[in-house]
Every structure is written in C-alpha cells, then in structure tokens.
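Visitor: Sequence:
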Amino acid sequence: MAKAQQQTTERRLVLADTGPAETGTNDDEVVISISAGFNEMKDETLAGVKHANVLREMMAGIEEEGITSRVVRFYDSLDLGVIGLRGAKLSGSGIAIGIQTRGTTLIHQRDLVPLSNLELFPQAPSIDLETFRAIGRNAARYAKGESPEPVPVGNDPMARPKYQAFAALWHIKEMEYRDDRDPVEMEVRFE
Numbered sequence: 472m473a474k475a476q477q478q479t480t481e482r483r484l485v486l487a488d489t490g491p492a493e494t495g496t497n498d499d500e501v502v503i504s505i506s507a508g509f510n511e512m513k514d515e516t517l518a519g520v521k522h523a524n525v526l527r528e529m530m531a532g533i534e535e536e537g538i539t540s541r542v543v544r545f546y547d548s549l550d551l552g553v554i555g556l557r558g559a560k561l562s563g564s565g566i567a568i569g570i571q572t573r574g575t576t577l578i579h580q581r582d583l584v585p586l587s588n589l590e591l592f593p594q595a596p597s598i599d600l601e602t603f604r605a606i607g608r609n610a611a612r613y614a615k616g617e618s619p620e621p622v623p624v625g626n627d628p629m630a631r632p633k634y635q636a637f638a639a640l641w642h643i644k645e646m647e648y649r650d651d652r653d654p655v656e657m658e659v660r661f662e
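Using my numbering, the first residue of the sequence shown is number 472, and each one after it goes up by one.
Hint data in this document are derived by calculation from the structure and do not stem from the laboratory.
Every residue, glycine too, gets a C-beta built ideally from N, C-alpha and C.
There could be a bad hint or two in this list.
[Unchecked claim] The calculated EDC-like cross-link candidates involving lysine to aspartate or glutamate, where the alpha carbons are at most 16 angstroms apart (straight line), are:
hint	residue 1	residue 2
1	K615	E536
2	K560	D499
3	K644	D547
4	K560	E493
5	K615	E535
6	K513	E656
7	K615	E534
8	K644	E511
9	K560	D498
10	K560	E656
11	K615	D498
[To be verified] Estimated spans, in silico, between C-beta atoms of each pair:
hint	residue 1	residue 2	range
12	M512	K633	16 to 22 angstroms
13	E493	K615	18 to 24 angstroms
14	R652	R631	31 to 37 angstroms
With these hints in hand, go ahead and build the complete structure from the sequences.
Guide: As structure tokens, then:
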C-alpha cells in the first residue's frame with residue numbers, strides 16, 4: 472500500500488512510562504500491549520505506517536464502542552502471543568490487542584493459551600489504518616461480551632518473499648530492547 476494512503480496526518484507519538492502495569496478492575500477497558508521496541512526502535516510498521524497513526528486508530532476504534540483503552544509495554548518477551556495474553560490478563564475486561572514493532576497484531580482473551588487468540592493479523596504489510604481501527608472496534612466488542620465478525624484483511628502472496636528478511640532483521644534489532652523489566656503502563660500523547 473502506498474504511504475500516501477496510510478498517513479492521514481503526521482503525528483509524533485510520545486510514550487511515557489507511568490510505572491508498573493497493574494491489573495485493571497474496570498470491565499470496560501481494552502489493554503493495548505506493545506512490544507519492547509515499539510516506537511523506540513522504529514516509529515513505523517514494516518508497511519511504513521506511523522505508530523502514532525496505528526495507536527490513534529486502534530484507540531479510536533475502541534472508543535467508538537464506548538470502551539476505554541490503556542497501553543502497556545512488555546519488555547521481557549517479543550512473542551506476540553505472550554504479550555497479547557499477558558495484556559489480556561491485565562485488562563479488566565480480559566481482552567487485549569497485542570502489537571509488535573513491525574505491525575503484526577492480534578486480539579487476545581485472558582482465558583486462552585498464547586497461540587490460541589481471538590483474531591490474528593500475521594501479514595503486517597497488509598494492515599492499513601482502516602484495519603487497525605476495525606481491530607480496535609472488534610476488541611471493544613469482545614470486551615462487551617459480543618461475538619463480532621472477524622476483521623477482514625487482505626492476503627498478499629508476495630508479502631512473505633518481500634518482507635520476510637526485513638521482519639527477521641527487525642526482530643534481531645528489537646532483541647536489543649528486551650530485558651527483564653516488568654510490564655509498564657504508558658501515557659500516550661500525540662504531538
């Protein structure tokens with residue numbers, strides 16, 4: 472997808488550590504679990520979509536459904552299934568969205584196992600802003616106890632050969648951001 476289609480407004484994402492992430496008590500929230508290098512190592516996905524716009528669209532989709540969101544950074548694992556599940560266990564509703572720096576995304580529920588999620592979006596280069604917003608909406612619907620239709624996502628058979636080497640290099644680079652810190656609640660600002 473062309474960058475011009477993806478970027479609606481240039482925003483800068485500022486994430487500030489506000490302390491250890493606590494288990495939520497409100498059943499009207501969705502946690503957005505981000506990987507260690509999200510917006511630190513790179514500020515965009517493999518497809519060139521700015522993380523600022525990605526988070527803004529997911530948060531807007533959640534808000535459209537009358538649910539709140541909070542962002543938690545996980546430093547000790549880069550495994551998407553693990554950070555998604557751990558975010559769901561911190562979420563008052565038991566629902567979380569997990570997202571890696573490269574853009575691979577899923578929706579998880581607290582009573583599932585790491586590789587058994589509600590929805591998986593494995594082809595990061597095929598995920599556009601409209602899809603990120605729909606992911607937020609569906610996560611909020613799951614949080615409300617609904618069973619929404621899965622978010623449709625395109626399948627590009629050339630994505631794997633085109634992006635696999637980049638994805639591997641990004642993963643190796645993001646390993647430098649991994650450490651044993653506990654999950655951290657993040658304040659989100661768009662400038």
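Visitor: Take the hints in turn and mark each one as holding or not.
Guide: To see whether the hints hold, each was checked on the structure:
Between the alpha carbons of K615 and E536 the distance comes to roughly 9 angstroms, so the proposed pair stays at or under 16 angstroms and holds. Under the criterion of a C-alpha separation no larger than 16 angstroms, the hint pairing K560 with D499 is consistent with the structure, at around 14 angstroms. For the hint pairing K644 with D547, the CA-to-CA distance comes to about 15 angstroms; that is within 16 angstroms, so the pair holds. Among the hinted pairs, K560 with E493 is consistent with the structure: their alpha-carbon atoms are about 10 angstroms apart, no more than 16 angstroms.
Taking the CA atoms of K615 and E535, the gap is about 12 angstroms. The hint holds against a cut of 16 angstroms. Using a Cα cut-off of 16 angstroms, the hinted pair K513 and E656 is violated, with the two alpha carbons roughly 20 angstroms apart. For the given pair, K615 sits about 12 angstroms from E534 by alpha-carbon distance, which is consistent with the 16 angstroms threshold. Proposed proximity of K644 and E511 is supported: the alpha carbons are some 11 angstroms apart, at most 16 angstroms.
In summary, the hint linking K560 to D498 is supported, as the alpha carbons are separated by about 12 angstroms, within the 16 angstroms threshold. Between K560 and E656 the alpha-carbon distance is near 14 angstroms, which keeps this suggested pair within the 16 angstroms criterion. Taking the CA atoms of K615 and D498, the gap is about 8 angstroms. The hint holds against a cut of 16 angstroms. Distance hint check for M512 and K633: the Cβ-Cβ separation is about 20 angstroms, which falls inside the suggested range of 16 to 22 angstroms.
Against the hinted window of 18 to 24 angstroms, the Cβ-Cβ separation of E493 and K615 comes to about 22 angstroms, which satisfies the hint. A C-beta distance of roughly 33 angstroms is found between R652 and R631, which places it inside the suggested range of 31 to 37 angstroms.
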